[in-house]
Amino acid sequence: GAVVSQHPSRVICKSGTSVKIECRSLDFQATTMFWYRQFPKKSLMLMATSNEGSKATYEQGVEKDKFLINHASLTLSTLTVTSAHPEDSSFYICSARDPGRRTGKGYTFGSGTRLTVV
Amino acid sequence: TQLLEQSPQFLSIQEGENLTVYCNSSSVFSSLQWYRQEPGEGPVLLVTVVTGGEVKKLKRLTFQFGDARKDSSLHITAAQPGDTGLYLCADPQGAQKLVFGQGTRLTINP
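Those protein sequences? They're chains F and U, same order as listed.
Going left to right, the first sequence walks through residues 202 to 319 as our numbering numbers them.
Going left to right, the second sequence walks through residues 52 to 161 as our numbering numbers them.
Hints listed in this document are in silico derivations from the structure and should not be mistaken for laboratory results.
Worth double-checking, as some hints may not be accurate.
Derived DSS-like pairs (lysine-lysine); straight-line CA-CA distance at most 30 Å [said to hold, decoys possible]:
| id | chain 1 | residue 1 | chain 2 | residue 2 |
| --- | --- | --- | --- | --- |
| 1 | U | K107 | F | K243 |
| 2 | U | K148 | F | K265 |
| 3 | U | K148 | F | K243 |
| 4 | U | K148 | F | K221 |
Residues of chain U clear of chain F, computed beta-carbon distances all greater than 10 Å [as the list claims (entries may be wrong)]:
| id | residue |
| --- | --- |
| 5 | G67 |
| 6 | S76 |
| 7 | S77 |
| 8 | R111 |
| 9 | G117 |
| 10 | P132 |
Cβ atoms here follow ideal geometry from the backbone N, Cα and C, with glycine treated the same way.
The following block holds chain F by itself, in its conformation from the complex (with noise of 0.2 Å):
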């Protein structure tokens, strides 16, 4: 259980373009999901908490213009990186965590999308 689908898995756009990713729970309602960001050799940064029918809660640093997150339902959060720069490429990962089951299992994190921005 706690399957996290995330697509695309790669994705090349050109620059000034946008792009959107979706992460979607597949065996659980999940209120609350998370988008991070990871650099080559580097660990994970956390950018937003996406809550289903608000705002998503950014942390400090991250363009809230820049990367759009949609929670509109309780299976499906989006994340869209507006006019891409070729300094936006990096490895997107989504989680979320099953509030039926207890904090001790974890999040499950969806495999990740690459984004190349040429």
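Given chain F, work out where chain U should sit, using these hints.
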């Protein structure tokens, strides 16, 4: 936000050797989790430790939580190439959000 420091950041050893990696903080953890991430994938939970002094074993992996709940260690016995990956400690922060340490990138050479 609690800062988690992991050491070493990189470790490359030969198959069959033992190793220990560390996770430290200046603040007390309510609980702490260890994850492993392989290239191109999301992290996968290995263990959660909650009680000071707690020791948990997962096959050849031994996890220890410091008595004061400010540090944790992961010891791997007789490392194998399949143990290669990025090891991350993380603070669940009361289930509000998950914050990771910088990670230890482990390479086991055949």
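Status of each hint after checking the structure:
Taken as a hint, the K107(U) and K243(F) pair is honoured in the structure, with Cα atoms around 27 Å apart against an allowance of 30 Å. For the proposed pair K148(U) and K265(F), the alpha carbon gap of about 18 Å is at most 30 Å, so the pair holds. Distance hint between K148(U) and K243(F) is fulfilled; the C-alpha atoms sit about 19 Å from each other, no more than 30 Å. Distance hint between K148(U) and K221(F) is fulfilled; the C-alpha atoms sit about 23 Å from each other, no more than 30 Å.
G67(U), annotated as away from the interface, keeps every beta carbon of chain F farther than 10 Å; the closest lies near 25 Å. The beta carbon of S76(U) is kept farther than 10 Å from every beta carbon of chain F, the shortest such distance being approximately 14 Å. With a least beta-carbon separation of about 18 Å from chain F, S77(U) lies farther than 10 Å from that chain, consistent with its non-interface assignment. With a least beta-carbon separation of about 20 Å from chain F, R111(U) lies farther than 10 Å from that chain, consistent with its non-interface assignment.
Every Cβ of chain F is farther than 10 Å from the Cβ of G117(U); the closest lies at roughly 18 Å, confirming the non-interface assignment. With a minimum CB-CB distance of about 19 Å to chain F, P132(U) clears the 10 Å threshold, and the non-interface call stands.
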